[in-house]
Amino acid sequence: MSQFGVASAPYYTCLAVSQTPDPLGPWYVWQYLYSNSLMNDYPKFGVWPDGYYMTVNEFGSGQSATTVFDRTAMLAGAANPAAVYFQIDALQPAFPQPTHWDGGPPPPAAVPTTTLPSTTMRGAIPLMHCRSVPSV
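124 is the number that the working numbering gives to position 124 of the sequence shown; each next residue is one higher, with no gaps.
It is worth saying that the hints were derived from the structure and are not from the lab. Because the structure is a prediction, the values reported are computed rather than measured. Positions of the beta carbon are idealized from the N, C-alpha and C atoms, including for glycine. The reader is advised that the hints may include incorrect statements.
[Claimed, not checked] Computed beta-carbon distance windows for the label pairs:
1. Q19 x G60: 30 to 38 Å
2. S61 x P21: 38 to 46 Å
3. A7 x V84: 19 to 27 Å
Taking the hints into account, I'd like the entire structure generated from these sequences.
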């Protein structure tokens with residue numbers, strides 16, 4: 001679950017992951033500073049075996065970006081799961097859509113996630129594969 005804090009700068013992303021299969025049960029929660037000046041507008045999330053991928057339009061710059069959050073650390077309830085930021089504007093236009101793995105057999109370990117450029121739908125663009133997310 002996510003919520004972005006955009007009332008005024010600085011801009012935040014708040015994330016929550018359920019601690020159990022019961023959505024009414026307890027949750028792990030985190031707050032990440034996204035930027036002091038760029039609003040993380042139109043966030044979209046995708047689940048991939050190696051991370052939670054958030055794509056955004058950076059309001060104030062006209063660029064697109066993604067942040068990958070350390071999924072393994074979040075599922076374990078770590079106090080400060082790492083997050084890695086990538087600017088992706090050079091690869092695609094605004095409103096990027098991350099791919100999403102929703103159960104079933106996971107993709108092969110070496111397969112990177114992709115994004116779809118939703119404004120043109122010209123096809124998937126390989127984005128990245130985070131073999132590990134460094135600690136912050």
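Here's how the hints hold up against the structure:
1. In this structure, Q19 and G60 meet the distance hint of 30 to 38 Å, their C-beta atoms being roughly 35 Å apart.
2. For S61 and P21, the hinted distance range of 38 to 46 Å is satisfied, since their beta carbons lie about 39 Å from each other.
3. Range check, A7 to V84: about 26 Å between beta-carbon atoms, so the 19 to 27 Å window is met.
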